[in-house]
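My request is simple: use the sequences and hints to build the entire structure.
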Amino acid sequence: MSNGTPTWDQGLTGSARQIAATEDTPLRVLAGPGTGKTFALMRRVMRVLEGGADAQLIFVCTFTRTAARDLETELRRLGTPGADEVKTGTVHAFCFSVLSRAEVLPLTGRHPRPLLKFEERFLLEDLRGTNGEGVRALNKRLNAFAAAWARLQTDTPGWPQDPADRVFLQALESWLRFHEAMLVGELVPETLRFIRDNPASPHRPLFEHVMVDEYQDLNRAEQVLLDELAAVGALTVIGDEDQSVYSFKFANPEGIADFDHDHPGTHDESLEECRRCPRRVVSMANALIGRNARRAARVLLPRASNPEGEVFVVQWPSTEGEAEGLARFISQRIDSGVPAGRVLVLAPRRQFGYAIRDELNAIGVPAHSFFYEESLDGNPTEASESRAQEAFTLLTLLARPGDRVALRCWCGFGSTSLLRGAWARVRQHSESSGELPWSVLEQLATGTLTLPYTTPLVARFQELRRRLTELQGLLGMDLVDSLFPVGEDWAAPLRAIAEALPDDGEPDRLVEIVQRGVTQPELPTDVDYVRVMSLHKSKGLTTDLVIVAGCIEGLIPTLPRDATPAETLRALEEQRRLFYVAITRATQTLILSSVTRLLRADAHKMGALVRPGGGAYATTVTSRFVGELGPDRPAATLGISIL
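Going by the working numbering, the first residue of the sequence shown is number 1, and it counts up by one from there.
Read the hints as simulated data drawn from the structure, not as lab findings.
Some clues are possibly wrong.
Label pairs and their in silico Cβ distance ranges [as the list claims (entries may be wrong)]:
id: 1; residue 1: 565; residue 2: 506; range: 46 to 56 Å
id: 2; residue 1: 596; residue 2: 25; range: 51 to 61 Å
id: 3; residue 1: 25; residue 2: 362; range: 49 to 59 Å
id: 4; residue 1: 363; residue 2: 563; range: 36 to 46 Å
id: 5; residue 1: 317; residue 2: 131; range: 41 to 51 Å
id: 6; residue 1: 481; residue 2: 631; range: 48 to 58 Å
id: 7; residue 1: 506; residue 2: 199; range: 36 to 46 Å
id: 8; residue 1: 362; residue 2: 616; range: 16 to 26 Å
id: 9; residue 1: 439; residue 2: 516; range: 28 to 38 Å
id: 10; residue 1: 525; residue 2: 291; range: 28 to 38 Å
id: 11; residue 1: 566; residue 2: 401; range: 45 to 55 Å
Straight-line Cα separation of at most 30 Å, DSBU-like style, residue types lysine-lysine; simulated pairs [as the list claims (entries may be wrong)]:
id: 12; residue 1: 117; residue 2: 249
id: 13; residue 1: 537; residue 2: 140
id: 14; residue 1: 140; residue 2: 249
id: 15; residue 1: 117; residue 2: 537
id: 16; residue 1: 605; residue 2: 140
id: 17; residue 1: 249; residue 2: 87
id: 18; residue 1: 140; residue 2: 117
id: 19; residue 1: 605; residue 2: 249
id: 20; residue 1: 605; residue 2: 117
id: 21; residue 1: 117; residue 2: 87
id: 22; residue 1: 87; residue 2: 537
id: 23; residue 1: 605; residue 2: 537
id: 24; residue 1: 249; residue 2: 537
Just so it is clear, CB atoms sit at the ideal spot from N, CA and C, and this is done for glycine as well.
In structure tokens form, the structure reads like this:
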């Protein structure tokens with residue numbers, strides 16, 4: 001630093017120093033789990049700042065809001081002048097800010113009302129039959145639309161080339177415009193279009209330095225957008241193809257593996273020494289991920305000073321036995337000095353996680369689950385999930401009676417067809433007459449308008465008006481209690497989110513809190529309780545004791561049905577990467593747990609693979625991934641052996 005004090009890079013050696021120093025050429029950093037990529041990214045920012053870069057022309061793109069917040073905290077802590085002016089955030093948050101400043105959405109007749117995942121189900125049902133396709137095929141096109149039709153790393157994002165994609169796009173845009181909504185996934189394609197088509201706009205952002213964390217988790221459209229932002233500057237990407245776990249949004253490991261093909265002159269660095277995991281876990285992780293054929297032959301190296309580590313592979317007779325046994329083990333470890341906040345329970349389905357959470361709380365160990373996004377799941381498998389969706393939809397209509405998406409959803413709940421035909425008639429009349437959908441339904445309810453086969457729709461609308469009347473005037477927790485009752489399992493996650501509502505909080509404020517909590521859940525890192533969550537959500541976390549529960553076939557891995565052999569192989573490799581991510585969260589102890597039987601009804605709902613039969617219980621088998629962990633994996637034992 002200029003004042004003569006020691007510079008921030010004192011003590012850096014090898015690759016970490018080189019990563020910080022490389023400034024002008026495209027830089028790709030391949031960083032395995034626990035190798036210090038966040039540290040390297042932060043140091044890279046410091047280097048360019050000390051080299052005279054304008055802090056306001058540096059953009060650090062993170063995959064989650066939590067990561068962005070943590071990076072901002074670390075940058076401020078270092079105290080380098082200008083660090084607090086560096087722009088950090090997710091690509092979607094950045095896109096929304098650009099579109100807002102340039103007023104792109106109102107000028108193009110769009111409404112920034114995002115669709116939640118469960119609301120997409122109604123959109124797809126209404127589009128059923130487009131190109132002669134069903135909901136599953138249309139959902140794949142919907143995901144391709146969010147990636148600007150770039151399904152592969154070699155595709156160029158932009159206008160769809162496939163005629164069937166174009167037909168779908170026309171129907172999709174028509175639905176979104178009528179319902180005054182947009183997909184979250186539209187933000188990137190819309191921003192990319194704005195940047196490409198408006199080179200002279202004062203709102204067109206350009207940066208001297210663009211630095212991207214978790215590059216392998218971005219889709220092709222997002223990657224090209226970041227290229228545009230760095231068109232006159234330097235681009236740095238950090239990631240790991242072995243931790244790419246978001247193929248459903250067309251992210252893929254080729255994104256970072258082939259980075260140098262699209263960026264001539266790329267300088268490569270690799271961070272391979274794992275400073276986080278016990279040596280035994282590193283060995284197991286290498287054996288596991290080495291089974292993936294389509295990857296570079298990279299090996300994670302254990303730090304010599306890391307402990308050997310504890311690893312247990314256990315099996316229980318039932319989910320109840322697993323929950324009770326693991327809760328007792330966690331309690332014993334906490335009593336022996338492991339902080340509750342340093343215990344992480346991962347589960348492939350929330351049913352496993354909830355059982356362990358409830359057992360922990362029952363024996364006095366504080367535990368919280370983080371399956372918030374599943375509380376408003378896209379395709380409910382049980383009545384309780386539909387109740388959560390219906391309660392949130394009712395809240396939305398209480399706060400915003402003109403919300404057309406919520407009105408569409410409310411009218412379709414309870415019907416296997418989601419009353420697709422009846423709603424189509426209401427929409428057609430609304431578009432031809434210019435009347436609002438709410439007004440059309442009011443006329444139908446009073447008999448001043450008749451449309452064929454809309455009687456069930458009218459009944460739902462009348463029920464809606466009755467429920468809204470009951471809720472009028474309620475604020476704060478009175479409102480929460482009415483919508484999400486105490487003691488209802490389906491309501492518990494939503495009540496946990498709603499705790500942030502002030503005593504005089506109005507319905508619109510509650511909508512914002514719940515929607516943000518479900519779509520952008522914050523994962524607290526400094527806690528005094530056991531955290532229970534999905535394997536996906538554990539990415540980026542580090543903790544002393546990690547337990548992966550429910551390690552049974554059909555759940556780990558979860559594979560698509562009716563898929564081609566190539567699709568199945570691709571899914572299998574991604575599921576293996578997800579398991580790799582999960583086991584590399586641990587710094588001391590790892591437990592891999594399975595059960596030998598499930599209630600047959602629960603097994604079918606969760607998608608577990610079980611032997612056919614007619615009994616109440618079905619037999620399960622341990623995940624194939626447990627058998628792929630190499631010679632350093634301990635032998636499996638009965639769960640009771642660890643107590």
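Each hint tested on the structure:
no. : hint                  : in the structure
1   : 565 / 506: 46 to 56 Å : holds, 54 Å
2   : 596 / 25: 51 to 61 Å  : holds, 55 Å
3   : 25 / 362: 49 to 59 Å  : holds, 57 Å
4   : 363 / 563: 36 to 46 Å : holds, 42 Å
5   : 317 / 131: 41 to 51 Å : holds, 49 Å
6   : 481 / 631: 48 to 58 Å : holds, 56 Å
7   : 506 / 199: 36 to 46 Å : holds, 43 Å
8   : 362 / 616: 16 to 26 Å : holds, 25 Å
9   : 439 / 516: 28 to 38 Å : holds, 31 Å
10  : 525 / 291: 28 to 38 Å : holds, 31 Å
11  : 566 / 401: 45 to 55 Å : holds, 48 Å
12  : 117 / 249             : holds, 13 Å
13  : 537 / 140             : holds, 23 Å
14  : 140 / 249             : holds, 9 Å
15  : 117 / 537             : holds, 17 Å
16  : 605 / 140             : holds, 22 Å
17  : 249 / 87              : holds, 25 Å
18  : 140 / 117             : holds, 14 Å
19  : 605 / 249             : holds, 24 Å
20  : 605 / 117             : holds, 19 Å
21  : 117 / 87              : holds, 29 Å
22  : 87 / 537              : holds, 24 Å
23  : 605 / 537             : holds, 21 Å
24  : 249 / 537             : holds, 16 Å
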